[in-house]
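These protein sequence lines are chains D and R, in that order. Numbering-wise (our numbering), the first sequence opens with residue 1 and increments by one. Numbering-wise (our numbering), the second sequence opens with residue 1 and increments by one.
The reader is advised that the hints may include incorrect statements.
[Said to hold, decoys possible] Here are the computed lysine-lysine pairs in the DSSO-like style, where the Cα-Cα straight-line distance is at most 30 Å:
1) R:K82 <-> D:K122
2) D:K122 <-> R:K87
3) D:K41 <-> D:K122
[Stated by the list, open to error] Going by beta-carbon spacing under 7 Å, a handful of chain R positions derived as facing chain D:
4) I7
5) K10
6) D11
7) L86
8) K87
9) P88
10) S92
11) T118
[As the list claims (entries may be wrong)] If you anchor each label on the Cβ, the simulated ranges turn out as follows:
12) R:E107 <-> D:F164: 14 to 22 Å
13) D:R209 <-> R:A71: 52 to 60 Å
14) D:I158 <-> R:P22: 50 to 58 Å
No wet-lab data here; the hints were simulated from the structure. Each residue gets a CB set at the ideal place from its N, CA and C atoms; glycine is no exception.
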Amino acid sequence: MTLIPTLIDKQDNVEIIRDKIALVLATESVSQMALAVIAGKPPADWDLRVFTEDSNNFEQFRGSNVADRSPMLNVWFDTETVNSGASNVSKSQKMEGVFNIDCYGLGVSADDSGGGHILGDKQASFEASRAARLVRNILMSAIYVQLELVGVVGDRMIQSLTSFQPELQSQSKEQVRAVRVALKVGFIEEAPQVSEDNLIEEIKIDVKRDSDGRVLAELLFD
Amino acid sequence: MTDLFAIAEKDMAITLERDGRPVVVTNPDGLVAPDLRGDVNDISQVIDPETGTAVSGSTVSVSLRISSLQAVYGNDLPIEIKDETLKPWTVSFTDVNGISQLTKVKESNPDLMSGVLTLILEGYEV
C-alpha cells in the first residue's frame, strides 16, 4: 500500500534556485552590455556565457580559433543542509544550500603592437576575475536578496571566492583560469503532504537554453 | 672509459633528429633556427593525478637536442619570457595533417646529462 496519493511532478526548490541564479546572471549580463553601449564602453567586457551543471564547459575554449572568448560561468549545486531547529518534520524544512558559480576565463598569448607580447596566463586570470567581479556584484545587489523567489528564499550571501586552475598545472596549450564564487542561500524545501489540503503551491521556472546549453536571457530594451 | 652519455648524445642525431619532425625555433631577438628536428607531442585530455579524473585540455611539448640549439644560440637556451616588453621564444611546426601550429615556450625542462631539452608550449597568436 502506498501512502502518497499524488504524483511527485515538480522541481525541488534547490533546482529552481540553481536555475534562477543562472537566469539572473544571464539577464543582468545582457542588461549590463546594453548599459555599456549607452556609456560608450565596449559591451563585450560585460558579456558572460552562463551554463548550469556543465562541468567541462571550458572545453569550448579549446582549439586555435576560438570564436567567442567571453568568460563562461557554470552554475552548479554543491551542498544542501537542513536546519533541524527551524524545520517542521511534517511540512517544510529550512535549508541552507551552497551553489557554486565557476567563472572561467581564457587568455591567449599574442604579439602586441608595442613590440612585446601579451601573457596568456595573466590574461586568463584577469578574465576570470572580471567575471567573478560581475557575478558577485550582481548576486549581492540588494534587489536579489531573495533572488526574486519571495516565499522560498530567505536570504543569500556570498560565502567565498576561490581561484583555481581547471586544467592540469599550467602546462596546457590553452590558458584557462577560474574563480569559484560560492553562494549560500537560505530557503524552504517542501514535500508532498498526506492531506490534499496541505499540498504546496507549485513554483516553476522556465529557462531557455541554446543548443549548447547556454542559458539565454530575454530582455526588452526601450 | 666509454662515456655512454656522450654516445647517447651523438645517437640523437638519428633517434631524435633524423626521425623527428621539423620545428622552427625563434628567439626573442628574432633569430631563427630553421632546420631543427625534434619529437613533438600534442596530447589532448589530460588526467589529473590528484583526482584521477580526465580534465579538458591539451599539452604540447617538443624535445630538442641541446647541442643543435647551442649551435645557433650558444648557451642561451629557450625559456619562458615573462617580460611583456620582449618577444617570447616561439616554436612552430606542422601537425600530422599539415596544419601549422605557432606556439610560445611556456616551460623549459633541460636535461643537461642526456642533452635533451623538453619545452612545454602554449598557443601563440601573431
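Hints and how they fare:
Among the hinted pairs, K82 (chain R) with K122 (chain D) is consistent with the structure: their alpha-carbon atoms are about 10 Å apart, no more than 30 Å. Between K122 (chain D) and K87 (chain R) the CA atoms are separated by roughly 16 Å; this keeps the pair inside 30 Å, and the hint holds. With a CA separation close to 22 Å, the supplied pair K41 (chain D) and K122 (chain D) stays within the 30 Å bound. Interface restraint check for I7 (chain R): the shortest CB-CB distance to chain D comes to about 31 Å, outside 7 Å, so the restraint is violated.
Taken as an interface hint, K10 (chain R) does not check out: its beta carbon lies about 30 Å from the nearest beta carbon of chain D, beyond 7 Å. With its C-beta approaching chain D no nearer than about 28 Å, D11 (chain R) sits outside the 7 Å limit, and its interface hint is violated. With a least beta-carbon distance of about 6 Å to chain D, the hint placing L86 (chain R) at the interface is held under the 7 Å criterion. For K87 (chain R), the interface hint holds, the least distance from its beta-carbon to any beta-carbon of chain D being 6 Å, beneath 7 Å.
Hint status for P88 (chain R): holds, given a least beta-carbon distance of 5 Å to chain D, under 7 Å. With its C-beta approaching chain D no nearer than about 12 Å, S92 (chain R) sits outside the 7 Å limit, and its interface hint is violated. Hint on T118 (chain R) is violated. Least Cβ distance to chain D is approximately 11 Å, over the 7 Å limit. Distance hint check for E107 (chain R) and F164 (chain D): the Cβ-Cβ separation is about 19 Å, which falls inside the suggested range of 14 to 22 Å.
For R209 (chain D) and A71 (chain R), the Cβ-Cβ distance of about 57 Å falls inside the hinted range of 52 to 60 Å, so the restraint holds. A hinted range of 50 to 58 Å for the beta carbons of I158 (chain D) and P22 (chain R) is consistent with their spacing of about 52 Å.
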